[in-house]
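Peer 1: Spelled out, the chains give:
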Amino acid sequence: TYGDEVDEYSIKTSTEVAEAVRTGRPVVALESTIVSHGLPRPDNLKVAQEIEQTVRDAGAVPATIGMVGGQLIVGLNEPQLTHLATADGVAKLSVRDLAVAAASGADGATTVAATAAVAARAGIPVFATGGLGGVHRAAAESFDESADLTALASTPVTVVCAGVKSILDVGATLERLETLGVPVVGYGTRRFPGFYLSDSGYDLDWSVGSPEDVARIMRARAGHGVSDAGLIVANPLPADEQLDPQLHDRVLSEGLAGLAREQITGKSVTPYLLAHFHAATEGRSLAVNVRIILRNAALAAAVAVAYARP
Amino acid sequence: TYGDEVDEYSIKTSTEVAEAVRTGRPVVALESTIVSHGLPRPDNLKVAQEIEQTVRDAGAVPATIGMVGGQLIVGLNEPQLTHLATADGVAKLSVRDLAVAAASGADGATTVAATAAVAARAGIPVFATGGLGGVHRAAAESFDESADLTALASTPVTVVCAGVKSILDVGATLERLETLGVPVVGYGTRRFPGFYLSDSGYDLDWSVGSPEDVARIMRARAGHGVSDAGLIVANPLPADEQLDPQLHDRVLSEGLAGLAREQITGKSVTPYLLAHFHAATEGRSLAVNVRIILRNAALAAAVAVAYARP
Amino acid sequence: TYGDEVDEYSIKTSTEVAEAVRTGRPVVALESTIVSHGLPRPDNLKVAQEIEQTVRDAGAVPATIGMVGGQLIVGLNEPQLTHLATADGVAKLSVRDLAVAAASGADGATTVAATAAVAARAGIPVFATGGLGGVHRAAAESFDESADLTALASTPVTVVCAGVKSILDVGATLERLETLGVPVVGYGTRRFPGFYLSDSGYDLDWSVGSPEDVARIMRARAGHGVSDAGLIVANPLPADEQLDPQLHDRVLSEGLAGLAREQITGKSVTPYLLAHFHAATEGRSLAVNVRIILRNAALAAAVAVAYARP
Ligand SMILES: [Mn+2]
Ligand SMILES: [Mn+2]
Ligand SMILES: [Mn+2]
Numbered sequence: 001t002y003g004d005e006v007d008e009y010s011i012k013t014s015t016e017v018a019e020a021v022r023t024g025r026p027v028v029a030l031e032s033t034i035v036s037h038g039l040p041r042p043d044n045l046k047v048a049q050e051i052e053q054t055v056r057d058a059g060a061v062p063a064t065i066g067m068v069g070g071q072l073i074v075g076l077n078e079p080q081l082t083h084l085a086t087a088d089g090v091a092k093l094s095v096r097d098l099a100v101a102a103a104s105g106a107d108g109a110t111t112v113a114a115t116a117a118v119a120a121r122a123g124i125p126v127f128a129t130g131g132l133g134g135v136h137r138a139a140a141e142s143f144d145e146s147a148d149l150t151a152l153a154s155t156p157v158t159v160v161c162a163g164v165k166s167i168l169d170v171g172a173t174l175e176r177l178e179t180l181g182v183p184v185v186g187y188g189t190r191r192f193p194g195f196y197l198s199d200s201g202y203d204l205d206w207s208v209g210s211p212e213d214v215a216r217i218m219r220a221r222a223g224h225g226v227s228d229a230g231l232i233v234a235n236p237l238p239a240d241e242q243l244d245p246q247l248h249d250r251v252l253s254e255g256l257a258g259l260a261r262e263q264i265t266g267k268s269v270t271p272y273l274l275a276h277f278h279a280a281t282e283g284r285s286l287a288v289n290v291r292i293i294l295r296n297a298a299l300a301a302a303v304a305v306a307y308a309r310p
Numbered sequence: 001t002y003g004d005e006v007d008e009y010s011i012k013t014s015t016e017v018a019e020a021v022r023t024g025r026p027v028v029a030l031e032s033t034i035v036s037h038g039l040p041r042p043d044n045l046k047v048a049q050e051i052e053q054t055v056r057d058a059g060a061v062p063a064t065i066g067m068v069g070g071q072l073i074v075g076l077n078e079p080q081l082t083h084l085a086t087a088d089g090v091a092k093l094s095v096r097d098l099a100v101a102a103a104s105g106a107d108g109a110t111t112v113a114a115t116a117a118v119a120a121r122a123g124i125p126v127f128a129t130g131g132l133g134g135v136h137r138a139a140a141e142s143f144d145e146s147a148d149l150t151a152l153a154s155t156p157v158t159v160v161c162a163g164v165k166s167i168l169d170v171g172a173t174l175e176r177l178e179t180l181g182v183p184v185v186g187y188g189t190r191r192f193p194g195f196y197l198s199d200s201g202y203d204l205d206w207s208v209g210s211p212e213d214v215a216r217i218m219r220a221r222a223g224h225g226v227s228d229a230g231l232i233v234a235n236p237l238p239a240d241e242q243l244d245p246q247l248h249d250r251v252l253s254e255g256l257a258g259l260a261r262e263q264i265t266g267k268s269v270t271p272y273l274l275a276h277f278h279a280a281t282e283g284r285s286l287a288v289n290v291r292i293i294l295r296n297a298a299l300a301a302a303v304a305v306a307y308a309r310p
Numbered sequence: 001t002y003g004d005e006v007d008e009y010s011i012k013t014s015t016e017v018a019e020a021v022r023t024g025r026p027v028v029a030l031e032s033t034i035v036s037h038g039l040p041r042p043d044n045l046k047v048a049q050e051i052e053q054t055v056r057d058a059g060a061v062p063a064t065i066g067m068v069g070g071q072l073i074v075g076l077n078e079p080q081l082t083h084l085a086t087a088d089g090v091a092k093l094s095v096r097d098l099a100v101a102a103a104s105g106a107d108g109a110t111t112v113a114a115t116a117a118v119a120a121r122a123g124i125p126v127f128a129t130g131g132l133g134g135v136h137r138a139a140a141e142s143f144d145e146s147a148d149l150t151a152l153a154s155t156p157v158t159v160v161c162a163g164v165k166s167i168l169d170v171g172a173t174l175e176r177l178e179t180l181g182v183p184v185v186g187y188g189t190r191r192f193p194g195f196y197l198s199d200s201g202y203d204l205d206w207s208v209g210s211p212e213d214v215a216r217i218m219r220a221r222a223g224h225g226v227s228d229a230g231l232i233v234a235n236p237l238p239a240d241e242q243l244d245p246q247l248h249d250r251v252l253s254e255g256l257a258g259l260a261r262e263q264i265t266g267k268s269v270t271p272y273l274l275a276h277f278h279a280a281t282e283g284r285s286l287a288v289n290v291r292i293i294l295r296n297a298a299l300a301a302a303v304a305v306a307y308a309r310p
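Chains as they are written, first to last, in my numbering: chain A, 1 to 310; chain B, 1 to 310; chain C, 1 to 310.
To be clear, the hints were calculated from the coordinates, so they are not data collected in a lab. Each residue gets a CB set at the ideal place from its N, CA and C atoms; glycine is no exception. Honestly, I wouldn't trust all of these hints.
To be verified - Facing chain C, from chain B, some residues (calculated, C-beta under 10 Å):
| no. | residue |
| --- | --- |
| 1 | E178 |
| 2 | L180 |
| 3 | H224 |
| 4 | G225 |
| 5 | R291 |
| 6 | L294 |
Claimed, not checked - What follows is a set of in silico ranges between Cβ atoms, one per label pair, in the way DEER data are often shown:
| no. | chain 1 | residue 1 | chain 2 | residue 2 | range |
| --- | --- | --- | --- | --- | --- |
| 7 | A | E141 | B | A87 | 41 to 47 Å |
| 8 | B | D228 | C | T15 | 27 to 33 Å |
| 9 | A | G59 | C | D203 | 55 to 61 Å |
| 10 | B | L247 | C | N77 | 47 to 53 Å |
| 11 | A | S142 | B | R250 | 36 to 42 Å |
| 12 | B | T23 | A | P310 | 37 to 43 Å |
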């Protein structure tokens, strides 16, 4: 028997988070990829702390998820968060990487898919992030589709996000979510948000008006017992906080043209386009990104509070 | 704790259906989309009642599934069925819509995916419908693939249907079912039926000759315990009851040409093509549709009877 | 109640395998498709026995899986293995075919998907094969993708293989595995092997150096409890045992040109290409195939031994 080793690999939940889950108090799961890979240093650590504080201010317990030295942790403490924000060689971990990384003792940040899956396992039903992964623009040929979509098909967690980045194929992403049985509701809108933009140009079938509405859907899912899929709450930036649409469209066109001109394909596409957005908007895309995640953290906390309410 | 609210959202099963499930008597699940969206009024209600009577005549209990005022119901009673057949604004609900619609108190009709998933949850192992959703003709670019296929990959229900409509990509649909691990057996044939037509032109690997054969497959699946996928029993119309193949092929070509000419894409494609079939066949496509669902209800009832036999 | 019939369809496990599983001794599942369909007679039976002996020599119990007369068997005995190696009309069974074949009393050999699924059900966590199925080269249009990939997304079994055959779309196959959440680790390499070739030209994110490394990943997966996906251990042939790369590339080009010239599509593509490889390499592709499966059996046994170690 290898009982000890299995135990060695069990998920470690912080005392505060474990206590909140046990007593039914509101908790919001948070991903660590934005900390390690999504934002430049040294702002990344500061933003990670602001995200957690936003959750606390709204009455919920933050549970940032990541891996330190092979240990999968729910509720990273300050030194652990600092380590993932500053160490070199922090891996980006999707669900399929978790066990491999743990066995090799790696440091790692969890993607949307991995954070949602670990949160569900730890009994945390609400999760805030910036944007989802999706179907890539050339996916008809490359088959490059994010594991985020597939993971949400069997992970009963509510994900508050601002849609998917426009560098992806938004229409195909929405179709894939429909095929996979993952519901998408707009928060105060029936248009799917476009991450940097308030409106991606795509319609949604359903919208909700309050955190209580979202909590009610979560209760109905549990009550029916028919589906294990997640729930995507698509929370757009207000029009006056979005990236200027004209600037966005110009920068996106330039970026896509740059890909063709420099013959960039595969895994280099996303980093190239994000760096291009950062440079060509003189950092405004990054500021928008931070606003998105803070707003989503606040809404996720309100949903967790509504869902925990007796 | 929100125990009361979860109970509020539990599935309501009619007394007759609940009693039949409890005592192991044969039950056939039926979808409500054909009632609310598939057939024109006022025939739709009459046909719905004929379908139920067909199931009863074959010795099984019909369990039509739908949502009234946010309540998910297995075994709609007469007033509920009448409501879904006559009310305005009845939503079309796939699996992912069930909890959202319930939380908003909507009226809704369940698709193949949703009916199968709810039937499985309610302990009903057999389901009759007209045709499955499938992969759309432009799906290589649009990614438009019905959630029916994905749902059947993890829903252990036997679905009796007449294949998929020829307005879809039949070959791609069969490939997707293979990839997803959903078995397809022809009833008395090794050719996949073409809904309006007895033969879609595609081969099947397996055929069955009797309801007992189907029941035996269901027992083997349960005995093995290896797969949670559904089982598609593809039941073709007899050649002399199908839509005239020459008429079918001409109407389909005209319809596809109309799509191109009028630049119709996305969610408008299916309604356009079905309306075109209705008009261009002077209602014969609709009469065929009714024959299909009545024949499938009779076969599904025979399968349910064979499966329930001690 | 149909308790007796369900029992009739239960999986039959050989006494030796059942005893090994019960006492936690190392077991390696083996597929039977290579015996019935993958290798020419009469060598196929001899090779099947060599594979089993290789597993025994490394200290594990072989459990070849297949179906005889409708009975699904884990641990085929000598007469059963001989039957599948020599009988006519042995079906090739993926997961979705198992119940249908059992109900019709068929003889059948199990694919990678079916072998993995049955092994998991029988409590055998390690499986050796030659190569996986994958995404076909024309899949963007044909939607032809092996059920092996989908099955591994929800089957917690470690599969030792030498990658996928180059007649498939290797890049698309790797993308699909990522989307489906199935981890792939290279054994002693960070390049995905190309079956006949040591290197397919595609990179991997992770590599392992020993059977103990693999066992550690399996323990981490069990410890986390986050994913039910399998684990692919991609074990390349040493460079001096592979098919000569120049020969390989020439034969592959000729084969693909032959497909176009002779207008071969659909299910005829793979048999055509494999027969072409056999003929055009004067049997060397077949000898390489045998070396691959023997090496993978040895590695899988070492992994099973490491995983069973207290
Ligand atoms: Mn990707
Ligand atoms: Mn669709
Ligand atoms: Mn195929």
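Peer 1: For this structure, which hints from the list above don't hold up?
Peer 2: 5, 6, 9 and 10
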